[in-house]
Structures are given as C-alpha cells and as structure tokens.
Amino acid sequence: MKKDHVHMLKRSLGYVAASILFASNVLNPVTASALGGFDLNSSVISNAINEYSVDIAPGVSESRYSFEDREGKMTEAFVVEMDMDNPEVSIEAGTPNNGVIFGTQTVRQQAAAESQEGHMVVAAVNGDFYNMANGEPFGIVFKDGREVKPGMFSDWRFFAITKDRKAVIGDVNYYN
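The sequence shown begins at 0 in numbering that gives the first Met the number 0 and counts up by one.
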C-alpha cells in the first residue's frame, strides 16, 4: 500500500511539474511564488472532494487535493511546499547517477543516486523536456552551483533557485 502511495505521489508530482513547465513557458520572468497557491475555489473546479496535508520532512509538506473538474472528471493534484528559509531544505537538479553526463534514468533512480546519509530526497519530479534518444535536456541545467548544460530555446522559460534561495521563472534574457 505504501509503495502504491509513493508511486502515485511521484506520478502526480510529474503532472504538477508539467503544469509548472507550461506556466513557465507562458509567463514573463517573475518570482515563482507569484504563481500563488493551489485553490479549491478555482473556476476549473466544479466540486471539491478532499484536501489533505502532511509534513513529509522538516520544512517540507505535501498537500493532496481531490476534485471534479468542470467536465465532471475526477482529478487529483499533489503539491509540495518547502520552507526556503530553512537551511536544511533545498531544491536541486537531479541527473543520471548524480553526475554531469546525460542519459536516461528514471526520476526514482536519480533521486536514489542523490540521496545519502544526512541528505535525503523526499520529493522529485521530471522538470525538463529531453531528447529521448540520448537523454540530453532541452533546457539549461545547473548542478551544485555550476552550469552542466548550457543553452535553451530562445522562446522557452526556466525555473531556478537563485543564490539567495529565491524561486524564479525567467526567459533567456533574464538568464543572460
């Protein structure tokens, strides 16, 4: 049962990541928190069914929302909120085998490669589009403070955590 919950959480977090990527491809550079929180009173929700939140690590909480959309389809959304004022909490880029050589590897395997005693991955999402043949991301990738994959499409946006731990969504001009 717990394994099913973890699988469902990771799958659903992927949908949240896709939504973030979609939003980041339409918005101008903004502070990511300006996107706002999840709201069961949204116009896309016709019937709120359930809302559940739990702390999954110090400074990290998971919220699960179940609802029917305007077409009556059952939908679940998982949201992970992080206290970026907590120095023990971070958002980091995952890569195959926690290295700088790109390839294909599941999000779960990347999270396992990153996890170690005192540094555990508690949530992970697929946060980029990539070449299915060789696993190279289409977007910019910074890992451990250095650029390991430069360049991005000129009309794309990116999500990043700045050196002062602020979340931002920006375009190529903001990046340069």
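Rather than coming from a laboratory, the hints here were simulated on the basis of the structure. Every residue, glycine too, gets a C-beta built ideally from N, C-alpha and C. Some clues are possibly wrong.
In silico DSS-like links for lysine-lysine, alpha-carbon gap of 27 Å or less [unchecked claim]:
1. Lys142 with Lys165
2. Lys148 with Lys165
3. Lys142 with Lys162
4. Lys148 with Lys162
Label-pair ranges, simulated between beta-carbon atoms [claimed, not checked]:
5. Arg107 with Thr74: 37 to 47 Å
6. Asn46 with Gln115: 37 to 47 Å
7. Val59 with Ser153: 27 to 37 Å
8. Ala111 with Gly71: 23 to 33 Å
9. Ser62 with Ser42: 31 to 41 Å
10. Val43 with Lys165: 26 to 36 Å
11. Ser45 with Val147: 39 to 49 Å
12. Arg164 with Ser42: 27 to 37 Å
Hints not upheld, ascending by number: Failing hints, ascending: 5, 8 and 9.
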